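Residue numbers (this note's numbering), protein chains in the order written: chain A, 1 to 118; chain B, 1001 to 1114.
Since the hints were derived computationally from the structure, they do not count as laboratory data. Certain hints may be false.
[To be verified] Calculated pairs, DSBU-like style, for lysine-lysine (alpha carbon to alpha carbon, straight line, at most 35 Å):
1. K1013/B with K38/A
2. K70/A with K16/A
3. K70/A with K3/A
4. K38/A with K16/A
5. K1013/B with K3/A
6. K3/A with K16/A
[To be verified] According to the in silico footprint, chain A covers these stretches of chain B (three or more CB under 8 Å from chain A):
7. 1028-1042
8. 1081-1088
Being a predicted model, the structure only gives us computed values, none of them experimental. For each residue, glycine too, the CB sits at the ideal point set by N, CA and C.
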Amino acid sequence: AQKVTQAQTEISVVEKEDVTLDCVYETRDTTYYLFWYKQPPSGELVFLIRRNSFDEQNEISGRYSWNFQKSTSSFNFTITASQVVDSAVYFCALHTNAGGTSYGKLTFGQGTILTVHP
Amino acid sequence: ETGVTQSPTHLIKTRGQQVTLRCSSQSGHNTVSWYQQALGQGPQFIFQYYREEENGRGNFPPRFSGLQFPNYSSELNVNALELDDSALYLCASSLDQGPGTGYTFGSGTRLTVV
């Protein structure tokens, strides 16, 4: 069975601080994808990054960076110099093809509520 | 290029009633997935439709059903509503079932069952 754990329920920081959101996943599949989504109060899930299981390179996009480590089944997300606009709920998600079928689904973690204070 | 739109945005229903939620997929996307997000939780997979047929289902009872139409729009139907069905329902469209092109999510329909 697939499982995603985001141990941090809520994080509160002051603007310009760096913050890391942790994500640990479980799967027996050898091919899978990992995602991070941002959910603002409006409700839609905003795509941030997708990483496949064969690509362990870290990635940086502006103030965002991601650290994928297969050895520890972790895919952590760091925001550098946080801003008030970063306040949202962040979800880590694992995509697998269920039991070798043709369809795939996302398994989400519980989410981390990030609040950035001015 | 339009995104995913869902209607209505909010809905209040009484226990035992039936409800239909609608989703208009991103142009060109032939796959739609529905997710249920209870308050304070991550979204949970309900089912996926590919080329107008259900091709995958999560741990939800048969009273949750859906339809996908040739114009890429889709519906989620829930019969015999229960209080626990109160949640945000998210629709996500994608191309060809897989994650290669990613999923585009709508803003959701917030359903309250009283």
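Okay, the hints, checked on the actual structure:
{"no.": "1", "hint": "K1013/B with K38/A", "in the structure": "29 Å, holds"}
{"no.": "2", "hint": "K70/A with K16/A", "in the structure": "30 Å, holds"}
{"no.": "3", "hint": "K70/A with K3/A", "in the structure": "15 Å, holds"}
{"no.": "4", "hint": "K38/A with K16/A", "in the structure": "19 Å, holds"}
{"no.": "5", "hint": "K1013/B with K3/A", "in the structure": "32 Å, holds"}
{"no.": "6", "hint": "K3/A with K16/A", "in the structure": "32 Å, holds"}
{"no.": "7", "hint": "1028-1042", "in the structure": "holds (count 5)"}
{"no.": "8", "hint": "1081-1088", "in the structure": "violated (count 1)"}
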